[in-house]
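So the chains spell out like this:
2 protein chains.
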Amino acid sequence: MQRSDITALIREKQTVLCVGLDTDIERIPDFLKQNYDRPVVEFNRRIIEATRPYCVAYKFNIAFYEARGVSGWQDLGDSLTLVPEGFFTIADAKRGDIGNTSALYARTFFDTYNFDSITVSPYMGSDSLEPFYGYTDKWVIILGLTSNRGSEDVQMQRLANGGYVYEETIRRAAAYGDVDNTMFVVGATKSSYIQRIREIIPDHFLLMPGIGKQGGDLQAVMSDGLNDHYGLLINSSRGIIYAGTGLNFDRAAADVCKTLKEEMQISIYRVDK
Amino acid sequence: MQRSDITALIREKQTVLCVGLDTDIERIPDFLKQNYDRPVVEFNRRIIEATRPYCVAYKFNIAFYEARGVSGWQDLGDSLTLVPEGFFTIADAKRGDIGNTSALYARTFFDTYNFDSITVSPYMGSDSLEPFYGYTDKWVIILGLTSNRGSEDVQMQRLANGGYVYEETIRRAAAYGDVDNTMFVVGATKSSYIQRIREIIPDHFLLMPGIGKQGGDLQAVMSDGLNDHYGLLINSSRGIIYAGTGLNFDRAAADVCKTLKEEMQISIYRVDK
Numbered sequence: 001m002q003r004s005d006i007t008a009l010i011r012e013k014q015t016v017l018c019v020g021l022d023t024d025i026e027r028i029p030d031f032l033k034q035n036y037d038r039p040v041v042e043f044n045r046r047i048i049e050a051t052r053p054y055c056v057a058y059k060f061n062i063a064f065y066e067a068r069g070v071s072g073w074q075d076l077g078d079s080l081t082l083v084p085e086g087f088f089t090i091a092d093a094k095r096g097d098i099g100n101t102s103a104l105y106a107r108t109f110f111d112t113y114n115f116d117s118i119t120v121s122p123y124m125g126s127d128s129l130e131p132f133y134g135y136t137d138k139w140v141i142i143l144g145l146t147s148n149r150g151s152e153d154v155q156m157q158r159l160a161n162g163g164y165v166y167e168e169t170i171r172r173a174a175a176y177g178d179v180d181n182t183m184f185v186v187g188a189t190k191s192s193y194i195q196r197i198r199e200i201i202p203d204h205f206l207l208m209p210g211i212g213k214q215g216g217d218l219q220a221v222m223s224d225g226l227n228d229h230y231g232l233l234i235n236s237s238r239g240i241i242y243a244g245t246g247l248n249f250d251r252a253a254a255d256v257c258k259t260l261k262e263e264m265q266i267s268i269y270r271v272d273k
Numbered sequence: 001m002q003r004s005d006i007t008a009l010i011r012e013k014q015t016v017l018c019v020g021l022d023t024d025i026e027r028i029p030d031f032l033k034q035n036y037d038r039p040v041v042e043f044n045r046r047i048i049e050a051t052r053p054y055c056v057a058y059k060f061n062i063a064f065y066e067a068r069g070v071s072g073w074q075d076l077g078d079s080l081t082l083v084p085e086g087f088f089t090i091a092d093a094k095r096g097d098i099g100n101t102s103a104l105y106a107r108t109f110f111d112t113y114n115f116d117s118i119t120v121s122p123y124m125g126s127d128s129l130e131p132f133y134g135y136t137d138k139w140v141i142i143l144g145l146t147s148n149r150g151s152e153d154v155q156m157q158r159l160a161n162g163g164y165v166y167e168e169t170i171r172r173a174a175a176y177g178d179v180d181n182t183m184f185v186v187g188a189t190k191s192s193y194i195q196r197i198r199e200i201i202p203d204h205f206l207l208m209p210g211i212g213k214q215g216g217d218l219q220a221v222m223s224d225g226l227n228d229h230y231g232l233l234i235n236s237s238r239g240i241i242y243a244g245t246g247l248n249f250d251r252a253a254a255d256v257c258k259t260l261k262e263e264m265q266i267s268i269y270r271v272d273k
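Each protein sequence line maps, in turn, to chains V and D. Just so you know, we're using my numbering here: the first sequence kicks off at 1 and counts up by one. Just so you know, we're using my numbering here: the second sequence kicks off at 1 and counts up by one.
Please keep in mind that the hints were generated in silico from the structure rather than gathered at the bench. Some clues are possibly wrong.
Unchecked claim - Computed footprint of chain V on chain D, listed as stretches where at least three residues anywhere in the stretch have a Cβ under 8 Å from a Cβ of chain V:
id, segment
1, 61-74
2, 163-175
Unchecked claim - Negatives, chain V to chain D, calculated, CB over 10 Å:
id, residue
3, Ser102
4, Ala252
5, Ile266
Where a beta carbon is used, it is the ideal one built from N, C-alpha and C, also for glycine.
Just need the whole structure built from these sequences, with the hints factored in.
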């Protein structure tokens, strides 16, 4: 999928929402487990059907499928095929290893499964990510700055040049590919960091996880993060897929997405003007 | 597996060798593919049988199994059960994500599969690795300093305090657990780095990948890296498992391991004295 496709999709649908399918078999409604042989696939099918008017991307958190062994991987593959044509798909896998190993991870998620993108860790540097760039119209989404407590440990180490490790990491990693095949994961907690990152990479797409239902935060994040190509995908997982617990869980998910989309639309409208 | 078990095993067998089962279905002998339904499992079975006198650990590079989808995961599980009792097993997966996701990766490799340890990436910091520490007698093996070219990009960034990112990362990560549940991946390229790392973590076990057949290098690495509990596992993968290509590939693998073991024994003997 090309950058122009993603930008066109956002313009058309007036949303930058990514729905995170962190589907935990222990948290899905009982009636699915009682009535379906493949309850996770059925859960994902209904979530995708209900939420597709309000989002442009679906992110699969690979851990949730991998943890169930062989049947989890089968569910992953079958769920991925349920995502309609034209949506951007993300394998949230946080992979990264020496070249010959990363080449196999790339083969897994870009060939065996036909994801549009994969999240990766930058700790091992350029050659550990090179194999992911050998695919046309596929994207590498590199961890930049995360919003968890542990981000202090490596990402926020203070460098001799006065900056932070995450800044230098993003600066270097931006040169591994280009704006047409590289995005960065940026935890959307602090406005000042998003502004700083936009100084380093004004044109890249950012994938922002962890946005909840708070309208105020969302507006601030979008105001800091949007660029001329929109340049943002904002993910919510548990806040959407577990919004409801009963028979109408998919309607509850759709309602959350609809609200998020309407809030996003306000900021997107400003870019379009 | 407890640290005292690993130390006792090394003392008994006089080797710190770890055999890396980076088993690529495209590189195993044709006769296995022609005669066995599960050629990867048969390959691993013969490699394990042939090499077990000379090693203390087996490392499974998860990418090589994952890349083949469902059948790869089946091969991983069945191959793991072929490792005899008493050997240390490593899931070389380089995982690491926010807490609830890492908890699932831990479940995958420690519960679904019964590995003794998993390799992880430190980029997201303490809380991203905490879930891996919730298991008795399991080990977390954290990326410290790697020997690939890309290690310059993040690990060798120069800090305000004069050190390198990898040093501060190891210092902090050593406090996530203790010497009884934490190891570090250290690429064995430069003697000075190993000495520096031993100043920071004198007592931890180090997992060193990428040692080939060069006896000189091996002696230097062992001289710098060994501690009173031995504190080293030295891995070789392709140099062992693809040493031969024909019917007797397993004998060729055993020969390489035997030579490595004999070289290791010289250094181990010095610790024992």
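Which of the listed hints are broken here? Violated hint: only 3; rest satisfied.
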